[in-house]
Amino acid sequence: MKNWFGTLKALVWKDLLQEWRSKDMLTSMLAFAILSLFIFNYAMELDPLQRAELAPGVIWVVIMFSGTLGLNRSFLAEQEQGSFDALVMAVPDVAVIWLAKQISNFLIMLILILITLPVYSVLYNQNLFVPLFLIVLILGAWGFSAAGTLISGMTVQTRMRDLLLPVLLFPVLMPVNMAVVKAGQGVISGADFSTYQVWISILIVYGIIMTTISLLVFDYVIRE
Amino acid sequence: MLSENKPLKTLTFLSILLVLLAFLMVIFYAPVELNMGMVQKVFYFHVSAAWLGMLAFLVAAISGILFLSKKNLLYDHIAASSVEIGLLFTAIANFTGMIWARPIWNTWWTWDPRLTTMTIMAFTYIAFILLRRGIDEPYKKARFGAIYALVGFVSVPITFFSARLLRTIHPIIIGGGSGEMAMTSRMYQTMAAGLVAFTLLFVVLLWQRTRLAEAAAVIDRLKAEQNAEEFGEVENG
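Protein chains in written order, with the working numbering: chain A, 1 to 224; chain B, 1 to 237.
Just so you know, the hints here were simulated from the structure itself, not pulled from any lab data.
A hint or two may mislead.
Sample of chain A residues facing chain B (criterion: CB under 10 Å; computed from the structure) [said to hold, decoys possible]:
no., residue
1, A147
2, T155
3, R159
4, V172
5, V176
6, S214
7, L215
8, V217
9, F218
Residues from chain A that keep clear of chain B, each with C-beta distances beyond 10 Å, as calculated [stated by the list, open to error]:
no., residue
10, K14
11, T27
12, A31
13, L69
14, L76
15, D85
16, L107
17, L117
18, L134
19, I151
20, T158
21, P171
22, Y220
Here the structure is a predicted model, which is why all the values come from computation and not from measurement.
For every residue, glycine included, the Cβ atom is placed at its ideal position computed from N, Cα and C.
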């Protein structure tokens, strides 16, 4: 078991270090996210009241799209260098590879969220740094990275690669989108917790289900 | 598998007869609904098509699991065939629904949970087909297809549940409370006939399509062997 966690830590560290040294992925994701916020401003020039209601939706769409951009590269190094086989041989359990990748994808999403939120708050003069909203986004990022890591592990091995990822991922992410936006609107509008509690439950259930399925089937994604 | 198949032939004719019978029942046997009029008759095939759309997903997910445990390509062919048929019938359900919705709801489309879920399901089917088209190696194609079918099959009910939390105006036929649609026994009989006929049609289509997929796989194998002979290469698999 100690070996298991040691491997997990090493793999996550490897991903983060790789990203820290190149910063390719995070820079593009952040630039994309902030540019999208600008585009949204002109796409829907709304009065402040309406905008406040739409904020959770806008934020989530921006985070999800730039997250997809990052997911495309998530397994690229392994695929291009052909290091999948070496990884499979090196770890005690193949599920560790998936879990490590999921954690590093989740952490990158977290950085994205922690930068996008204040930027939005400054640009639109609306404080979105509400702890509960942050929790909703984090739960959304968990579901997103759980389903996304599994699916990007497959699409990276196909001919169409990045073209295919959103087509495969978005239908599966539908419940997460609905739940994040609805729960987010509840939090931001200051509604009673009981009115949007169910959406938070959906996020948790979705995360648990997707994580379980991925741990069960990831073996088939990388091993012949 | 690829030789002449007597039971399949019989079943095919039977399914054609049954679909025709159901069609005649819809036209002549089922009464005209009091409030909605003629357009309500689209409902019988709408329900049957929607049922097949969901059944096909179940079949695809089960064949996917069977493939992952047994590694037999037959299950992959069944899953792929089921998804194609499922996409067709999901589309039929959506379009017949729209034909009905326009006069009754006064709109082609609403964001009702069933409409949303059916359409998301159709997109999951499309994604499944695209994913398999992007892979050449048959076993990898089958593995990835199976995984995606499983993930899709699990997420679609959550989508339905989530969408249902937002209000619905869709008539509830079975197990509903206040929104129930009143149906006479003739209507129920016609609906049952449609469901039986379409289910048999599904079995026939699935069987035929799977045979076609098997034949295609045989041809691919023969082609690969011929190539290997011509170029003196040893192909594996």
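Status of the hints after comparison with the structure:
no., hint, in the structure
1, A147, "holds (7 Å)"
2, T155, "holds (7 Å)"
3, R159, "holds (5 Å)"
4, V172, "holds (5 Å)"
5, V176, "holds (9 Å)"
6, S214, "holds (8 Å)"
7, L215, "violated (12 Å)"
8, V217, "holds (5 Å)"
9, F218, "holds (9 Å)"
10, K14, "holds (25 Å)"
11, T27, "holds (28 Å)"
12, A31, "holds (28 Å)"
13, L69, "holds (18 Å)"
14, L76, "holds (16 Å)"
15, D85, "holds (14 Å)"
16, L107, "holds (23 Å)"
17, L117, "holds (24 Å)"
18, L134, "holds (21 Å)"
19, I151, "violated (7 Å)"
20, T158, "violated (3 Å)"
21, P171, "violated (4 Å)"
22, Y220, "violated (5 Å)"
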